[in-house]
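Listed in order, the protein sequences are those of chains A and B. Start counting the first sequence at 1; every next residue gets the next number (this note's numbering). Start counting the second sequence at 200; every next residue gets the next number (this note's numbering).
Derived from the structure by calculation, the hints contain no laboratory data. Be a bit skeptical, because a hint or two may be false.
Some chain A residues judged to face chain B by a derived CB distance under 10 Å, without partners named [to be verified]:
hint, residue
1, THR110
2, PRO113
3, ASN120
4, ARG125
5, VAL129
6, TRP135
7, ASN136
8, VAL163
9, LYS181
10, VAL182
11, ARG198
Simulated coverage check for chain B against chain A, where a stretch passes if three residues somewhere in it have a Cβ under 8 Å from a Cβ of chain A [to be verified]:
hint, segment
12, 251–261
13, 264–275
14, 295–304
15, 326–339
16, 363–374
Here are the in silico distance ranges between beta carbons for each label pair [stated by the list, open to error]:
hint, chain 1, residue 1, chain 2, residue 2, range
17, A, GLN115, B, SER377, 18 to 24 Å
18, B, PRO292, A, ARG144, 46 to 52 Å
19, A, ARG144, B, ALA320, 45 to 51 Å
20, A, ARG125, B, ALA235, 41 to 47 Å
21, B, LYS239, A, ILE154, 36 to 42 Å
22, A, GLU119, B, ALA373, 15 to 21 Å
23, B, PRO362, A, VAL117, 33 to 39 Å
24, A, LEU150, B, ALA344, 34 to 40 Å
25, A, ARG124, B, ALA373, 16 to 22 Å
26, B, ALA344, A, GLY188, 16 to 22 Å
Only a predicted model underlies this, so the values are computations on that prediction, with no experimental measurement involved. Each residue gets a CB set at the ideal place from its N, CA and C atoms; glycine is no exception.
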Amino acid sequence: MTGPEFDPLVHRAMEELRRLPSFDPAAVQRVVRAAATARVTPADEPVARALRARRRWTVTIGLAAAAAIVGFVVGGAFIGGRPAPTTTSVALAPQPAPMREAATSAADVTLVPQQFVLENRAARRVSVVGDFNTWNPASAPMTRSSDGSLWSAIVPLTPGRHVYGFMVDDSVFVLDPRVSKVRDPDLGKESSVLIVGRP
Amino acid sequence: MTGAALCAALCAALSRPGIAQRDTMPPLVGDREASAELAKIVSATRDAGLPIDPILAKVRYGVSVAHAPAPRIVAAARMVASRLETAREALAPRPTSNDIAVGADALAYGATREALHAVRAASRDQSVATPLGVLAQLLASGVPAKRAFEIVTDLMKRGASGPQLVALGNDVNADVASGAQALAALDTRLRGLTAVLAPGGGAVGAGVTAVSGPTGPKKP
């Protein structure tokens, strides 16, 4: 082994290199005194102002960045470590109808308005329910015609195939007599069916 | 009350911000085991980056429309989740959420992964929601899977527009609802559509010939 820790000559050389150079005590005193009495002169004022402004901007930007990060996280823009999908919300009074999950391309966000009509004079309340609003009766309430015989609603739908029906008085599920019906492949119950294409 | 538990589970699963705002389930009580299972399915689907609306729709449909028992609803939700995963893989590389949902719908009616992949390939980077919706509807009407898939991809390759495909699906469905046989209805409606499309694929022409029989138009 010929490493430095075993070579006395190299060891001594390293010790010499580690030792700090000696200072002139008078020079040190001069530097300390000058620093203690230092003042900003009028000539230095623009530089000092620029430095203060720079410090203010640094603090402001730092606070803004912190606020943005907190808002991003708390606001739910980040879910499960993955960016949350953007959603296409369609205002349908009185509540927004949740449409199918977020689109990931411009083609996918195309919504095609569809009018649903049901004839039912006896009903007190009718809603369109379907896979497009997760069968939620509150999402697409229908309005009664002036003569009281028809209920209608216009619901924007994504292209594709949709199954739906009408919820009458919040409890009775009614198929659309104007269109075909289809049996649910998993649960067996029939629904009305509609295919929507991009205009 | 079976549906009660399921919707309660969904409430828990949807408690994360951004999702809870989009759908609210009625507060329900009941089958705790089914609820937990359902919450797990929804959570796993969401974590996999798949759309969860089809699962939510299936659950609410099972609860409020089909009035199905809880285990059946959970099984249906699990099936939907599985089909969503399959649809995403089949429609790679960049399926939209809507494409995945409609693809899963087509799988539910008997479409194969290969069929979805072929529709994707024929779509020329357009959204496949409409052709897949038509495919699903043809299958739901009773058209055999292979035939339905060939028709849809052939029509796409021949430049059929979205509205033309939609009309085909809806017309066949209406014919079947009126009592017609699915294949007969399909081939009848195809005649009208192929008359305005550029000549091309064999599947459409073959269908016309097969249904028309020996006295029908000759296959080109």
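Quiz item: Which numbered hints does this structure break?
Solution: The structure conflicts with hints 2, 3, 4, 20, 23 and 25, although it agrees with all the remaining ones.
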